Every structure is written in structure tokens, then in C-alpha cells.
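Asks: To convert, note that position 3 of the sequence shown is 3 in the UniProt record's numbering; the numbers rise steadily by one, no gaps.
Honestly, the hints are just simulated from the structure, not real lab data. These numbers come from a predicted model, not from an experiment. In this text, a Cβ means the ideal position worked out from N, Cα and C, and glycines have one as well. Mixed in with the good hints, there may be bad ones.
Unchecked claim - Cβ-Cβ distance ranges computed for the label pairs, FRET-style:
no.	residue 1	residue 2	range
1	Gln37	Leu156	23 to 33 Å
2	Thr45	Leu96	46 to 56 Å
3	Met160	His120	26 to 36 Å
4	Gly19	Gly118	21 to 31 Å
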Amino acid sequence: MLGLIFSSSVQLVVFGMAGAILAGTAVKSLGYPTPEQDPATELTTTSYRATVARKIYFIVNLMQIVALSFIKSSCVLFYRRVFRTGVSKAIDRSLLALLAIIVLWGVAFFITFLSLCGSHVDYAWSTVANELKCASTTMADQALSISDVITDLMILIFPMPLVTIIDIYRTESY
1 MLGLIFSSSV QLVVFGMAGA ILAGTAVKSL GYPTPEQDPA TELTTTSYRA TVARKIYFIV
61 NLMQIVALSF IKSSCVLFYR RVFRTGVSKA IDRSLLALLA IIVLWGVAFF ITFLSLCGSH
121 VDYAWSTVAN ELKCASTTMA DQALSISDVI TDLMILIFPM PLVTIIDIYR TESY
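All chains, please: the whole structure from these sequences, using the hints.
Replies: This is how it looks when you write it as C-alpha cells:
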């Protein structure tokens, strides 16, 4: 049942990201040339299309973190189901710890990206002058990428020693 909830949640988030991107394409904010701006007013004004593109980038970035968290969590819950019998409680506790790490990872990065502009979330998609008041996304993006790879490796490596424990009956047909 929990797997079905995670599956539905992931689908909802992925469809949300796709819908946001398609909406941006429909108003020609994404997939079309960026409109030229007057260099004199570039910092203080912005076009509708540029604002929509920034909003879509912002929301897709947040939804990506949620989707990755759900996918990683569903993998760990799958491992718990597969390795439930015949393994020690230490392995189950390790899987729960890995699940906690993934949940904390997702919550931490969601809050980080949501609060890059402090209490002025709209600065992320308003004028360039306001966007410059926000913290740089470069460090947050790098931290997200590196920790994403590390958690992926943890998820991939964890079951390798446990696969030898699984008792699989082979039918021999020669």
C-alpha cells in the first residue's frame, strides 16, 4: 500500500513538472529565443516571458527534489520488503536509517532552495536586481548534485552483500 502511495506521489510530481514546462512553452517562455532587453533597464525591469521562465525554473527545481526523495524512498522501502525475512534486525535498522537520511536530505534541500531569497521568495523570479539580493544558487546546486550522487550510491551498494542471502530455487533444465 505504501508503495502505491509513493508511486502515485511520484507520478503526480513528475506530471506537475511536465505541466509547468508545457505551460511555459505555451506562452513562449520556454523553448523560444529570449527577448532582448534594454541594457539601461535590464536590472530593474523584466518581461512577462522571462518572469514565467524563472517561475517555472523555481517550481521545477523544488518539485525535482520532492520527486527524487520519493523515488529514493521507494527503493529503500522495496529493499525492506525484499529483505524482510532471513536477515537480521540490524539490516532493517540500517534500511530505516537510510530512509531517514533520504527524507532529511529531501526536506533540507527543499527548505534550502525555498529560502535562498529569505522571506522574499518572489525575488527568485522578479527583476534581476531583486534576484541579486538572493543567495547564490551555485553552492546549493553543487551540494544537491554531490549529495544526490552519494545517496544514489548508498542505495545501489546497500543490497549487494544481501543478494547472496536470498534463497532462490533454480530449476535445472538441461
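Asks: Given a hinted range of 21 to 31 Å, is it respected by the beta-carbon distance of glycine 19 and glycine 118?
Replies: holds (28 Å)
Asks: Is 46 to 56 Å a correct range for the gap between the Cβ atoms of threonine 45 and leucine 96?
Replies: About 51 Å separates the Cβ atoms of threonine 45 and leucine 96, which means 46 to 56 Å holds.
Asks: At the C-beta level, are methionine 160 and histidine 120 separated by a distance inside 26 to 36 Å?
Replies: violated (46 Å)
Asks: If I claimed the Cβ atoms of glutamine 37 and leucine 156 lie 23 to 33 Å apart, would that claim hold in this structure?
Replies: Violated, since glutamine 37 and leucine 156 (Cβ atoms, about 45 Å apart) do not stay within the stated range.
In the structure shown, a violation is registered for the earlier hints numbered 1 and 3, in ascending order.
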